[in-house]
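Asker: Sequence:
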Amino acid sequence: MEVLLTGQVETDASGEQVVALRFLNRTDRQEILALPDRIEAKVRQENRERTLLLARANDTEPHLAIDAHGFGQAHYRLPANEPLVRAMVSIPAWSTQEVVLAPIVKTATHEAENRSNPNAPILPPPPTDRKAGNAFVDNLDLYEPIYAVYGPGTDSEARIQLSFKYRLFGASANSQTSSNWRDGLYLAYTQRMFWDLESKSSPFRNIDFQPELIYITPTVGLTGDIAMTVQAGIRHESNGRDGPQSRSINSIYIAPMATLPIAGDYRLTFAPRLSLYVGNKSDNPDIVHYRGHAGLFMEVGEDNGLRLSTSTRFNFGSGKGAVNADLSYPLPRLLGGGPDLYLFAQSFYGYGENLLDYNRRTRRLRIGVALVR
Numbered sequence: 017m018e019v020l021l022t023g024q025v026e027t028d029a030s031g032e033q034v035v036a037l038r039f040l041n042r043t044d045r046q047e048i049l050a051l052p053d054r055i056e057a058k059v060r061q062e063n064r065e066r067t068l069l070l071a072r073a074n075d076t077e078p079h080l081a082i083d084a085h086g087f088g089q090a091h092y093r094l095p096a097n098e099p100l101v102r103a104m105v106s107i108p109a110w111s112t113q114e115v116v117l118a119p120i121v122k123t124a125t126h127e128a129e130n131r132s133n134p135n136a137p138i139l140p141p142p143p144t145d146r147k148a149g150n151a152f153v154d155n156l157d158l159y160e161p162i163y164a165v166y167g168p169g170t171d172s173e174a175r176i177q178l179s180f181k182y183r184l185f186g187a188s189a190n191s192q193t194s195s196n197w198r199d200g201l202y203l204a205y206t207q208r209m210f211w212d213l214e215s216k217s218s219p220f221r222n223i224d225f226q227p228e229l230i231y232i233t234p235t236v237g238l239t240g241d242i243a244m245t246v247q248a249g250i251r252h253e254s255n256g257r258d259g260p261q262s263r264s265i266n267s268i269y270i271a272p273m274a275t276l277p278i279a280g281d282y283r284l285t286f287a288p289r290l291s292l293y294v295g296n297k298s299d300n301p302d303i304v305h306y307r308g309h310a311g312l313f314m315e316v317g318e319d320n321g322l323r324l325s326t327s328t329r330f331n332f333g334s335g336k337g338a339v340n341a342d343l344s345y346p347l348p349r350l351l352g353g354g355p356d357l358y359l360f361a362q363s364f365y366g367y368g369e370n371l372l373d374y375n376r377r378t379r380r381l382r383i384g385v386a387l388v389r
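First residue of the sequence shown? That's 17 in my numbering, and the numbers climb one at a time after it.
Among the clues, some could well be false.
[Claimed, not checked] 25 Å max Cα-Cα, derived DMTMM-like pairs, lysine to aspartate or glutamate:
1. 58 x 145
2. 336 x 199
3. 181 x 145
4. 58 x 199
5. 181 x 356
6. 297 x 373
[Said to hold, decoys possible] DEER-style ranges, computed between Cβ atoms:
7. 45 x 277: 40 to 46 Å
8. 259 x 56: 49 to 55 Å
9. 112 x 256: 42 to 48 Å
FYI, nobody ran anything at the bench for these hints, they're computed from the structure. This structure is a prediction, so every number in the text was calculated from the model and none was measured. Using N, Cα and C, we set each Cβ at its ideal position, and we do this for glycine too.
Could you put together the complete structure from these sequences and hints?
Answerer: As structure tokens, then:
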């Protein structure tokens, strides 16, 4: 089911402002779509981002029948006394699409056309829209941070990371009411590149490839506004080389996670992790000596401001381990506008910043930008 948020703000019979959602059924059979009473919307306006609840309009039934290869439409009410015109709005549960809300100026001709053809088709998507025809694109989601940072004076001045996760089975279009256990099953992939920019031909010194199969339990609320979930996974790590520079490791891990509000808009997240290494470790037989089995992720910050994230791992027997810290801040708030990126500073101290150097102790300080933090 494909979802289109039109961005058009209308006034219904009761005087409430509503936005229209169009649903496209690309299957060969009629689909019945359950429409929740309320749906969460993300709003960006004047360099601020917030979450609002849209209520199903009175003219929209709880269930919408959509014919095969046909369209359906639903209306959701905007919160009263919220100046949302020209705001950027998205509905994450149904689509990653973000639109600008704009009021419809209705004329007699416009209303006559609507009465004569209430189900008029919308324009096809532009040729550059790769979402069209990719029915599963909404299963794609963020995972680890995505960034590029630089720090001179080492054999790996630049560090670049790409990461995503993909929901294998997906939820129904109405993900807020889905309760299938398979909705928590993901494929994930992270790639870290260490770039020696100052050497001749500027080679990549090492690239770590990290595919995973992970399961994330539904989030539950605990006493005191604490949100908790558990992530478990099977991870393979390799640097894709052969010979004496080949490195690889397989692990099974579990990581309970909790988030709680603290002062103001700040939140604290922490996630201890326990890892068990399995399979062949012949490329790096003593890697556990430097990595250990225990880790801890901690993060404190606000959605639209400063954020500090730390990841540590430690071997209590050998006394070896590592700590990685990321500090980020939205660039538009520093520049009064500008690119939608984060200023991103990163430090590392300990063993194994990458697989090739798993038994080498290093110190690194880099700065750059991030798309995702």
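Asker: Now tell me, hint by hint, if it's right for this structure.
Answerer: So, going through the hints one by one against the coordinates:
1. Pair hint residue 58 plus residue 145 holds up; C-alpha atoms about 22 Å apart against a cutoff of 25 Å.
2. Restraint check for residue 336 and residue 199: not satisfied, since their Cα atoms lie roughly 38 Å apart, outside the 25 Å limit.
3. A distance of roughly 21 Å separates the Cα atoms of residue 181 and residue 145; the hinted pair therefore holds under the 25 Å criterion.
4. Restraint check: the Cα-Cα separation between residue 58 and residue 199 comes to about 22 Å, which is no more than 25 Å; the hinted pair holds.
5. Between residue 181 and residue 356 the CA atoms are separated by roughly 22 Å; this keeps the pair inside 25 Å, and the hint holds.
6. Restraint check for residue 297 and residue 373: the C-alpha separation of about 15 Å stays at or below 25 Å, so the hint holds.
7. The supplied range of 40 to 46 Å is met by residue 45 and residue 277, whose beta-carbon atoms lie about 45 Å from each other.
8. Our hint of 49 to 55 Å for residue 259 and residue 56 holds, since their Cβ atoms are close to 51 Å apart.
9. Checked against the hint of 42 to 48 Å, the C-beta distance between residue 112 and residue 256 comes to roughly 31 Å, which is inconsistent with it.
In this structure, the earlier hints numbered 2, 9 are contradicted, and the remaining ones agree with it.
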